[in-house]
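Q: Since the structure of chain X is already known, use the hints to place chain S on it.
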Amino acid sequence: MNSEFKSDGRLERVLRSGRFAVTAELNPPDSADPEEVYQAALVLSEVCDGINATDGSGAHCHMSSVAICALLTRAGYAPIFQVSCRDRNRIAIQGDVLGAAAMGVSNVLCLTGDDVTAGDQPQAKRVFDFDSIQLLRTIKIMRDKGMFLSGRKLTTPPRLFLGAASNPFVPPYDWRPYRLAKKIEAGADFIQSQYCFDVPRFRQFMQKVRDLGLHEQAFFLVGVGPLRSEKAAEFMRTKVPGVHIPDDIVERLRKTPKEKKVEEGKRICVEIIQQVREIEGVSGVHVMAYRQEELVAEIISEAGLLPRPRIGGLSAQDSKVRPRRGNRVNGV
Amino acid sequence: MKFGQWLQNHPHFLEQTYGLTHRVFTMLDPLIAKLGYERVDHWLRGPEEFAKRIVFDCRMCGQCILHSTGMTCSMSCPKNLRNGPCGGVRANGYCEVFPDKPCVWVQAYNRSLEMPLYGDEILVIEPPVNRSLEGSSAWINMLTGQDKVTPKAWESIEIIPLAEK
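From first to last, the protein sequence lines stand for chains X and S.
For the first sequence, position 260 (counting from the first letter as 1) is numbered 260 according to the working numbering, and the numbering increases by one without interruption.
Heads up, the working numbering is the position in the second sequence plus 1000, with the first residue counted as 1.
Pulled out of the complex, with its shape left as it was, chain X reads as follows:
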């Protein structure tokens, strides 16, 4: 793996130092108040190495990911800027990437995006000018060649750690490792997966990933999260695109008495973290706790992943290792 850092961010440093990384998803507010972002970030920042700012996930409108990233970098946190292809064309996206990098963002996660029909405004026009692989490659070109896709030069290229998503849990299963191979070839430095509830299937997938040598070319972070109840599990696996939850997990929650369900959901999550951690080629976990942020710290703590390494200050804080110009605003 290339030893030269591609970004100034903490996530890349934690991963390249060989440490097990933790990222967490911030649920964006339906609000114009920055305080709500800071409140949500506060619980996450001490327990993870990067905070994902989602981009209209589930095709629901929330505060934009680029704005959340801007708020987070101002407070010194290390966000992962999620970009979906659903809402913006290539002109808008390349501009946003430059803007995010200018605000101090070091990580970008390139996604196809849930379809508009998954959200509450299904009448919207879907864009999908790029697919996620073309998006990855375009940002890689901006970073490495210092130009827009059109060939026009950038005076200062963005320094970014590029991420892609992977979903080993939906068909065509055999193709999924190849899809991942394409993403890595297109420019992905790290991977964050969809929710993993099916460890045996994930093991199979990682076996193929290792056979193809992909685990040596990118860092794989496994998506995990707590289920509040069997009803929440049922909702997620039927209504949220791409989430696969095996029956035995739903059954386990159903058998648990009502007042202990949340605890049990958390325990399942911790167990999954401990299991995937043992799999060769796994470099970290990505915790997504929709409307249960308060559980994130407990899960990470109980999984034995605390304290987070302190690279350049607080946990989810970016190391500002590049005092390039005197007037650079650090915003800490």
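Source of the hints: derived by calculation from the structure; they are not laboratory data.
Not one of these hints is a red herring.
With a straight-line cut-off of 35 Å between C-alpha atoms, the simulated DSBU-like cross-links for lysine-lysine are:
(1) X:K208 <-> S:K1148
(2) X:K153 <-> X:K6
(3) X:K239 <-> S:K1002
(4) X:K231 <-> X:K208
(5) X:K140 <-> S:K1148
(6) S:K1152 <-> X:K6
(7) X:K208 <-> S:K1101
(8) S:K1034 <-> S:K1152
(9) S:K1148 <-> S:K1002
(10) X:K239 <-> X:K140
(11) S:K1002 <-> X:K125
(12) S:K1002 <-> S:K1101
(13) X:K125 <-> S:K1052
(14) X:K6 <-> S:K1148
(15) X:K208 <-> X:K140
(16) X:K125 <-> X:K145
(17) X:K239 <-> S:K1101
(18) S:K1034 <-> S:K1052
(19) X:K261 <-> X:K231
(20) S:K1052 <-> S:K1152
(21) X:K231 <-> S:K1101
(22) S:K1152 <-> X:K153
(23) S:K1152 <-> X:K140
(24) S:K1152 <-> X:K145
(25) S:K1052 <-> S:K1148
The structure displayed is predicted, hence computed values, not measured ones.
A: This is chain S only, laid out in the frame that chain X set:
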């Protein structure tokens, strides 16, 4: 649509047809050039769309990559994905957006396995779509090379290098 589906389930036959048509058009190139690409494009659009819509549910993107996508039109994917399936495919292999339609890419992948000639091309990284070619004849764009023109800074990757397949 039934005839089209039957044909699509014979991807080897379709890739042979593609190969043949490719040769015929390449042979006819000097003649088409003499007649004028624009003029022939005008004549060809209608028939091409008609035939390809019946068989492939073609969307006339003008830069056909059917042989690289299991002889399955990737533009009929609601997300226009040209490099593989999204993460929203249902457990039964059906589309996230249209629950009663099979995922285009599940079909594409399965069909590519039955294509000895072009099957491996499913591993090519496809460049961004040139939206300005929409509606024009892909065959003519193939002859003029328009369909291969990528954005200036784009770095083309042929079939991705893999340790094993």
